[in-house]
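Peer 1: Chains as they are written, first to last, in our numbering: chain A, 1 to 300; chain B, 1001 to 1257; chain C, 2001 to 2333.
Among these hints, one or two may not hold up.
SDA-like mimics (lysine to any residue), calculated; alpha carbons at most 20 Å apart, straight line [claimed, not checked]:
#, chain 1, residue 1, chain 2, residue 2
1, A, K33, C, P2313
2, A, K33, C, Y2131
3, A, K33, C, G2129
4, A, K33, A, Q118
5, A, K33, C, G2158
6, B, K1186, B, E1155
7, B, K1170, B, A1077
8, B, K1170, B, A1198
9, A, K33, C, I2034
10, A, K33, A, R195
11, B, K1186, B, A1146
12, A, K221, A, Q118
13, A, K33, C, D2130
14, B, K1186, B, L1196
15, A, K126, A, R195
16, B, K1170, B, D1219
17, A, K33, A, V140
18, B, K1170, B, R1147
19, A, K33, C, L2310
Since the hints were made in silico from the structure, they are not lab data.
Small disclaimer: the values here were computed from a predicted structure and weren't measured.
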Amino acid sequence: MENLLQQLLNGITWGSIYALIALGYTMVYGVLKLINFAHGEIYMMGAMAGYYAAHALGVAGTPSLGALLLVLVVSMAACGLLGALIERVAYRPLRGAGRLAPLITAIGVSLLLQNAGQLVFGADPKFFPALLRSEELVRVGGIAVSNIQVAVLATALALMAGLQYVVRRTRFGRAMRAVSYDAPAAALMGVPVDRVILGTFVLGSMLAAAAGILVGLSNPKIDPLMGLMPGLKAFVAAVLGGIGSVPGAMVGGLLLGVIETLVTAYLSSTYRDAIAFVILVLILLYRPTGLFGAPQTEKV
Amino acid sequence: MSLLEIHGLSVRFGGLSAVSRVDFEVEAGSLVALIGPNGAGKTTAFNVVTGVYAPSDGSVVFAGREIGGAAPHAISALGIARTFQNIRLFRSLSALENVRAALQGARRSGLRDVLRLARWRAREEAAGREARVLLDELALGEFASARADSLPYGEQRRLEIARALATRPKLLLLDEPAAGMNPAEKQALRELIRRLRADHGLTIVLIDHDVSFVMNLCDRVVVLDHGEKIADGPPDRVRRDPHVIEAYLGSDATVAP
Amino acid sequence: MRVRSLLAVGALLAFLALLDLAAPRVLNPYYVTILSRIGIAVIAAASLQLVNGFTGQFSIGHAGFMAIGAYASAALSVYAGAAALDAASQIVPLTAARWLYFPVLLVFGGLVAAVSGIVVAVPALRLRGDYLAIATLGAGEIIRIAILNIDAVGGARGFSLASSAHPGIDLRYESLAGVFGVAALTVATLARLVYAGGGLAFRAVREDEIAAESIGIATTRVKIEAFLVASFFAGVAGALFAHSEGYIHTNSFGFVRSFELVAFVVLGGLGSLTGAILAAATLTALPELLRGLGEWRMILYSLLLIATMLLRPQGLLGQRELWPISLLSRGTK
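Bound conformation, chain A alone (with noise of 0.2 Å):
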């Protein structure tokens, strides 16, 4: 009983990565019907970004919660930075060119950020550096629960928390709403479209960045290619919860951790990274608009 929880426990951990991934595919999905395919590689960036700030800013060495903070926020920023500039040169660029142009420059552009990432980063994977000293926090029953799994779930709930906020009560929210329900529309409303198209990226972006963040805390060692099957795994979560709806995100990914936890423990550890493609096939068959999504039928 108590390795259940425990196992809950980490499959809650790790899904609450997979969520913060899937709000940024599934926001970016709802204001342009595009799916980023990039955004993988945008959280694998967003840990090589806490790596050199951590290491640029000198807190490498002294585990706080304040450098934790720090390298967050300096993290999010500049991923943030970096999906406004892809929006803006490789997506932007073909709106209304079709669903196909963007889907195929997304592939590239994820080509290109792995790539470039190996060039840059080298290939090698480093090692996160320690922004909190390991220590178990508590033993509940039997479960250990220590301070770094609290402080994944603790930042991505806070997080998670804030976009609800952005998206239920601010202006830009109701904005970004009113885009994805539909964007004609919005537009001769006075809704400054591309702005909040923009404004989306950076959401993402950002969120995802704080995910390979929290990943590195828990999973130090980081490569450049690391975005590779967490970004298509959470891309499967947000397909799961409904792609184009951020409660469906949240869910979704928060579901697949733990299936894929439970799965792994309970059943073969081999087949870790199929759970997800199986759950994405067994969506698609049988309620492809997802959790939360509703149904579409086209005009003839």
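We have chain A already, so just place chains B and C on it with the hints.
Peer 2: Only chains B and C this time, still in chain A's reference frame:
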């Protein structure tokens, strides 16, 4: 027995009733107009007959067979062809290719063609000739190699008709064939429709907004409004029907005196 | 007309024979490998073009079918082919036996891949556009991971084309004639398929599915057919790859490879067989030939992809074909 019989047809999308308990019949060889204000359910009715939507209630019987809910390609094989309100040509293909795609042979498996080495060339040429004949019949001969989306608007509409005819249908459904045309073009279209019906032995149902367009053309007029049938009969009678006049008041259609 | 095509085939055969005789003597083995890889890339790209370019379906997991063809044919060779060749070599010269076996292994790889193509296509084709793309991506990954977990074909260590029970039998084929002959056959078949007779159905489905249905084309069946044929030839390409490299690992068949194939098809022009061939050949050859470009190869690809989408989205040739395929494509106009 009529060629096409529609009994108690209803089509619902979620809470919206696009078509409600509509009955009408189309005799073989006749030319029927389906008219009504915007949103009356005319195109929806076409979509059900051609299999794009399944009926929520009621039945559609073609040449004695129930076809409600059947797949569009199967219905096409039975002998129903159509054109679309918002022209759906194969845009990057040439006019000739658009028509050829609809010929008998195109519907068969391409795989089998690969294995058949000897006679394919002869069949290719025969298909090409047949397609050209159709193009010429609709005065599109000079556009055979041109991309479909490079054709002028009126020619595109005629190309869609040529493509529909290539399937050798018994029943031809034309959805707003005269949309966007000036009076001279409409007159030419009227002539064309009459000629096609005579030359190909077709039964034709056409949708149009323009009541005067259908007046001198059709044997019978069926009027829909808000998904329900409000009139059905010869043009002269329908034109004077008070329900019809009321339905059209305020719309941008014309009711000729 | 007939005489001309016979002459053309004859010339091609002569050229291939010459290639096999001359190449090992004239060319550095490294270049022979590159040429071989070009031929394989051409087959894979042409097969993908059928689905993405001609039928308008967005499939981005094509490397999965290559993987199946590679592993299936490799398994056949190691577990059955070697024994068969050993036995046959008692009666006929080994070289002859190997040449007889060559088409068998290719067709086997292709057929197994084709079956997997249907298994993927039937459920996946219920989806459209982005969702279909995701489904094919997922399928490709599932295939790769599944193969990774099969010990009998090496699992994570990779699979070597050598039979321990029959060590004297060479299962590798280093014949350029074989690769290019198959490539020519593939391209000819695909060109016939698309540009003759029933092939218009593919493009009709690409242009407008609803209109295609309205003229009697069973669109789902056409799409499945496209997947079937495409995965068959992808399997053949995979089989060729396995038997020319002599060692395979699932790392060669991940979604990076799938994306490469998509790049070939898009950069060449969606809807142009010649375009896909040219792009596949150029983009496979270029990085190999330009020394020191190794790490930059994928950066080159990705920049080219992005630039093409931004500046010339129709790719190199758009939907046009060059000679000799244009002879077929213009035949229908």
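Peer 1: The structure should be examined with respect to each hint, and the outcome stated for every one.
Peer 2: Now the hints, each set against the structure:
For the hint linking A/K33 to C/P2313, the alpha-carbon distance of about 19 Å falls within 20 Å, and the restraint holds. For the suggested pair A/K33 and C/Y2131, the alpha carbons sit about 11 Å apart, so the restraint of at most 20 Å is met. A hinted pair counts as satisfied when its Cα atoms are at most 20 Å apart, and A/K33 with C/G2129 qualifies at roughly 11 Å. Of the supplied pair hints, the one linking A/K33 and A/Q118 is violated, its CA atoms being roughly 30 Å apart against a limit of 20 Å.
The suggested pairing of A/K33 with C/G2158 is violated, with an alpha-carbon distance near 39 Å, which exceeds 20 Å. Our distance criterion of 20 Å between C-alpha atoms is met by B/K1186 and B/E1155, whose separation comes to about 13 Å. The straight-line distance between the Cα atoms of B/K1170 and B/A1077 is roughly 10 Å, inside the 20 Å bound, and the hint therefore holds. Of the supplied pair hints, the one linking B/K1170 and B/A1198 holds, its CA atoms being roughly 12 Å apart against a limit of 20 Å.
Between A/K33 and C/I2034 the CA atoms are separated by roughly 40 Å; this puts the pair beyond 20 Å, and the hint is violated. With a C-alpha separation of about 16 Å, the suggested pairing of A/K33 with A/R195 holds against the 20 Å cut-off. Taking the CA atoms of B/K1186 and B/A1146, the gap is about 24 Å. The hint is violated against a cut of 20 Å. Restraint check for A/K221 and A/Q118: the C-alpha separation of about 15 Å stays at or below 20 Å, so the hint holds.
With a C-alpha separation of about 9 Å, the suggested pair A/K33 and C/D2130 falls inside the 20 Å cut-off, and the hint holds. This hinted pair checks out: B/K1186 and B/L1196 have alpha carbons roughly 15 Å apart, not beyond 20 Å. Between A/K126 and A/R195 the CA atoms are separated by roughly 36 Å; this puts the pair beyond 20 Å, and the hint is violated. In summary, the hint linking B/K1170 to B/D1219 is supported, as the alpha carbons are separated by about 17 Å, within the 20 Å threshold.
Restraint check for A/K33 and A/V140: the C-alpha separation of about 44 Å exceeds 20 Å, so the hint is violated. Taken as a hint, the B/K1170 and B/R1147 pair is broken in the structure, with Cα atoms around 28 Å apart against an allowance of 20 Å. Note on A/K33 and C/L2310: the hinted pairing holds, with a Cα-Cα distance of about 18 Å set against a maximum of 20 Å.
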